[in-house]
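Q: Single-letter residue listing:
There are 2 protein chains.
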Amino acid sequence: MKVRIGLIGCGVVGTGIVHLLAQNGERIAQRDGVELEIAKILVGNKDKPRKGVDPALVTDRLEDLLEDESISMVLEAMGGVDPGLSYAQACLRAGKHYITANKELMAKHWEELNAAAREGNATLSFEASVAGAVPVIRMLTGSLRPNNITSVMGIINGTTNYILSQMDQFGTGYKAALAKAQELGYAEADPTADVEGFDAAYKLCILCGLAFGARVKVDDVLREGISKLSAMDIEMAHELGYVIKLLGIGKQHNGGVEARVHPVMIPKTNPLASVGGPFNGVLIGADAAGDLMLYGRGAGDLPTASAMVSDAINVAQGKAAELVEFTPALVVNDFSCGYYIRTLAADTPGVLHGVSGIFAKHGVSIESCVQKGQGESAVPLIFVTHKSREADIVRAVAEIDQLDYISIGSVIRVEK
Amino acid sequence: MKVRIGLIGCGVVGTGIVHLLAQNGERIAQRDGVELEIAKILVGNKDKPRKGVDPALVTDRLEDLLEDESISMVLEAMGGVDPGLSYAQACLRAGKHYITANKELMAKHWEELNAAAREGNATLSFEASVAGAVPVIRMLTGSLRPNNITSVMGIINGTTNYILSQMDQFGTGYKAALAKAQELGYAEADPTADVEGFDAAYKLCILCGLAFGARVKVDDVLREGISKLSAMDIEMAHELGYVIKLLGIGKQHNGGVEARVHPVMIPKTNPLASVGGPFNGVLIGADAAGDLMLYGRGAGDLPTASAMVSDAINVAQGKAAELVEFTPALVVNDFSCGYYIRTLAADTPGVLHGVSGIFAKHGVSIESCVQKGQGESAVPLIFVTHKSREADIVRAVAEIDQLDYISIGSVIRVEK
Chain A
1 MKVRIGLIGC
11 GVVGTGIVHL
21 LAQNGERIAQ
31 RDGVELEIAK
41 ILVGNKDKPR
51 KGVDPALVTD
61 RLEDLLEDES
71 ISMVLEAMGG
81 VDPGLSYAQA
91 CLRAGKHYIT
101 ANKELMAKHW
111 EELNAAAREG
121 NATLSFEASV
131 AGAVPVIRML
141 TGSLRPNNIT
151 SVMGIINGTT
161 NYILSQMDQF
171 GTGYKAALAK
181 AQELGYAEAD
191 PTADVEGFDA
201 AYKLCILCGL
211 AFGARVKVDD
221 VLREGISKLS
231 AMDIEMAHEL
241 GYVIKLLGIG
251 KQHNGGVEAR
261 VHPVMIPKTN
271 PLASVGGPFN
281 GVLIGADAAG
291 DLMLYGRGAG
301 DLPTASAMVS
311 DAINVAQGKA
321 AELVEFTPAL
331 VVNDFSCGYY
341 IRTLAADTPG
351 VLHGVSGIFA
361 KHGVSIESCV
371 QKGQGESAVP
381 LIFVTHKSRE
391 ADIVRAVAEI
401 DQLDYISIGS
411 VIRVEK
Chain B
1 MKVRIGLIGC
11 GVVGTGIVHL
21 LAQNGERIAQ
31 RDGVELEIAK
41 ILVGNKDKPR
51 KGVDPALVTD
61 RLEDLLEDES
71 ISMVLEAMGG
81 VDPGLSYAQA
91 CLRAGKHYIT
101 ANKELMAKHW
111 EELNAAAREG
121 NATLSFEASV
131 AGAVPVIRML
141 TGSLRPNNIT
151 SVMGIINGTT
161 NYILSQMDQF
171 GTGYKAALAK
181 AQELGYAEAD
191 PTADVEGFDA
201 AYKLCILCGL
211 AFGARVKVDD
221 VLREGISKLS
231 AMDIEMAHEL
241 GYVIKLLGIG
251 KQHNGGVEAR
261 VHPVMIPKTN
271 PLASVGGPFN
281 GVLIGADAAG
291 DLMLYGRGAG
301 DLPTASAMVS
311 DAINVAQGKA
321 AELVEFTPAL
331 VVNDFSCGYY
341 IRTLAADTPG
351 VLHGVSGIFA
361 KHGVSIESCV
371 QKGQGESAVP
381 LIFVTHKSRE
391 ADIVRAVAEI
401 DQLDYISIGS
411 VIRVEK
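So the sequence lines, in the order shown, correspond to chains A and B.
For what it's worth, the numbering used here labels the leading residue of the first sequence as 1, then goes sequentially.
For what it's worth, the numbering used here labels the leading residue of the second sequence as 1, then goes sequentially.
These are computed hints drawn from the structure, not numbers from a lab.
One or more hints might be untrue.
Since the list can't tell identical chains apart, any single copy or any two copies may satisfy a pair.
Said to hold, decoys possible - Straight-line distance between alpha carbons at most 20 Å, and here's what the computed DMTMM-like set of lysine to aspartate or glutamate pairs gives: (1) Lys387 to Asp219; (2) Lys108 to Glu35; (3) Lys268 to Glu415; (4) Lys319 to Glu188; (5) Lys2 to Glu322; (6) Lys416 to Glu119; (7) Lys361 to Asp68; (8) Lys108 to Asp219; (9) Lys268 to Asp168; (10) Lys319 to Asp32; (11) Lys180 to Asp82; (12) Lys217 to Asp64; (13) Lys51 to Glu224.
All of these numbers come straight from a predicted model, not from anything done at the bench.
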């Protein structure tokens with residue numbers, strides 16, 4: 001079966017799709033009976049030269065895609081919500097199946113996209129929007145359907161994982177690691193969306209929608225980036241048997257969902273701990289299947305193209321997933337985890353006694369306590385707590401910070 | 001849509017399916033629109049009590065399934081090829097979609113099953129046959145379709161992985177680790193199928209069929225088990241930065257396929273190295289998507305049931321994968337990898353000179369050489385080679401073993 005597709009965007013991922021079809025299109029046609037042919041490519045600037053791309057296919061008018069009735073599906077690899085949303089709506093309403101890598105669009109406008117898809121009787125596929133080539137969307141909408149999903153926990157931003165891996169392996173500071181990531185093309189000139197956790201938050205919204213059927217909005221996600229992490233905390237994590245990762249965490253609660261993106265200390269034995277460099281890894285907790293992990297390339301031209309083309313084959317064969325039905329999520333801020341609390345304290349008798357009293361008062365139980373160095377005017381004093389309520393920690397930390405012989409250096413959540 | 005299913009076998013996995021549907025059947029009906037109802041359960045002994053299983057459904061006559069026209073699909077969780085093959089053929093020919101966890105049947109009789117499926121215009125699904133809940137089949141037949149798969153490498157037998165993990169962590173000998181595995185139910189009373197690599201070989205045949213479209217027969221797989229591994233080699237692996245795992249390895253060559261199951265030393269940094277205990281992990285190399293790993297529970301009642309029920313939902317929705325088309329595989333025995341060679345040698349001058357001459361003569365390049373202990377009559381002398389041809393190693397090792405001042409203790413392949 002010949003399938004004519006429209007392509008929106010012809011940057012890294014868009015050209016990746018063109019190259020992938022040139023490379024493996026024949027194999028796909030033979031094995032899966034689906035001959036994918038690019039009919040039109042919509043771009044901002046028609047005149048920019050693009051290697052391996054037939055200029056005759058390139059247009060800057062959306063209408064050229066919409067009005068071409070031979071085009072049954074559109075692959076969007078442009079990104080952004082403006083004009084991303086209006087393009088998607090127009091295509092879907094025109095009955096064109098839509099395949100997108102656009103996590104921001106999905107996270108912010110999922111309802112509108114679903115509505116447009118219903119109007120046009122079209123399907124919406126978005127495997128490439130989370131973790132690139134790693135088929136986590138397919139796993140949640142396919143293989144794990146017999147399960148009640150209890151949690152998703154993932155390294156879903158390659159940029160920050162690369163930066164943290166550099167800091168961890170080479171003791172590099174945050175700024176130097178970011179510069180290296182920018183040099184290698186893993187981080188953008190303005191790295192905010194990655195390092196402050198926005199990108200991961202978009203992806204977490206998508207994962208929560210699929211895993212829990214709960215519509216978590218971007219603003220509902222507790223979000224902290226990695227820009228304030230110190231080399232010292234990364235080193236201390238090591239000493240204590242942990243690694244620091246920026247995780248997206250979603251957990252199902254009775255009547256609510258926990259959704260947060262922030263740096264987390266995880267034990268070195270956690271399968272996510274060995275996901276290094278620009279790789280992505282997602283750990284899923286399912287009631288029947290147990291814990292499952294997926295690991296692979298979370299970005300890049302061909303990995304992302306692979307995810308989008310696999311969606312296209314599915315759509316062509318009538319195997320696309322149904323539109324996701326979800327209910328508004330009650331996002332729960334009252335959650336519990338372990339906490340690493342680094343303080344700077346006077347090395348005098350009675351400090352531990354005073355601080356531990358405050359922890360006890362707020363119901364926080366201490367798992368370990370380490371003092372680094374001795375005899376100087378102030379020394380690092382580090383606490384790791386047992387599982388505690390976030391609210392209790394906030395209160396205890398605020399009270400400790402009032403004491404004149406101790407100050408709070410950093411607080412990092414710990415997941416066992 | 002209500003779907004009535006027949007179940008063959010009601011042991012661990014069969015009852016797992018019954019329990020899973022009782023637990024999550026309503027959720028599946030609501031979310032995926034597929035109401036799975038067990039119509040009949042075929043067992044060997046009707047009178048055996050089975051917890052949670054309605055005795056009215058139980059039968060010992062295959063005809064009761066075949067003749068019930070309301071049954072559109074059959075889930076087989078019985079295992080074995082006799083009567084597994086005839087049951088499967090009868091169901092498929094009767095037009096009943098067949099979903100099986102039976103790796104031995106798939107590996108030995110895939111062609112016959114395909115033929116019966118074509119006759120009956122039915123589908124054949126087998127996600128549960130490899131790595132339990134880990135959706136590696138779905139990944140190869142779905143998400144990775146845009147790719148040329150270059151390699152599969154996996155820990156696909158939980159029993160041996162548990163035994164090796166015990167030996168590795170606690171310095172336990174093979175026999176004690178096996179006894180522990182038997183005590184915990186991870187190994188059977190007769191552990192041959194697992195520890196000698198037959199089970200992994202069956203699964204590798206299935207993976208090669210999907211990944212390369214090449215029909216590898218069980219007898220074509222180079223197969224070695226773990227029963228001859230010594231605690232010393234496991235300890236030495238550790239010292240050298242490796243872990244020993246029983247791997248199934250399939251690689252695509254020009255015009256051929258490499259298919260082998262044997263103990264392998266892999267670097268501790270390999271993502272498979274951290275797959276411990278009874279878990280399974282499969283690493284797939286794909287030309288566009290890059291390296292991907294899946295990790296999870298490779299066996300057990302509910303994990304296996306989850307895989308089978310997910311197949312059932314797919315079948316009900318008309319989303320089952322097509323029958324696999326394959327060509328006979330030319331299985332290549334001329335492959336290359338690294339080698340760990342432990343010898344026992346006289347601690348006298350000239351030994352290294354003599355041995356290294358033999359390696360050089362056969363084109364084998366040495367990466368490292370370690371002598372353990374000193375001054376005794378004979379000491380362990382260990383070589384790790386660079387990537388070498390298996391045939392060259394065989395010749396070099398045979399020649400070295402002829403020398404009177406050195407004998408070969410063990411040879412273990414190394415994959416970087």
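Q: Kindly indicate which numbered hints from before are broken by the structure, ordering the numbers from low to high.
A: 1, 2, 4, 6, 7, 11, 12, 13
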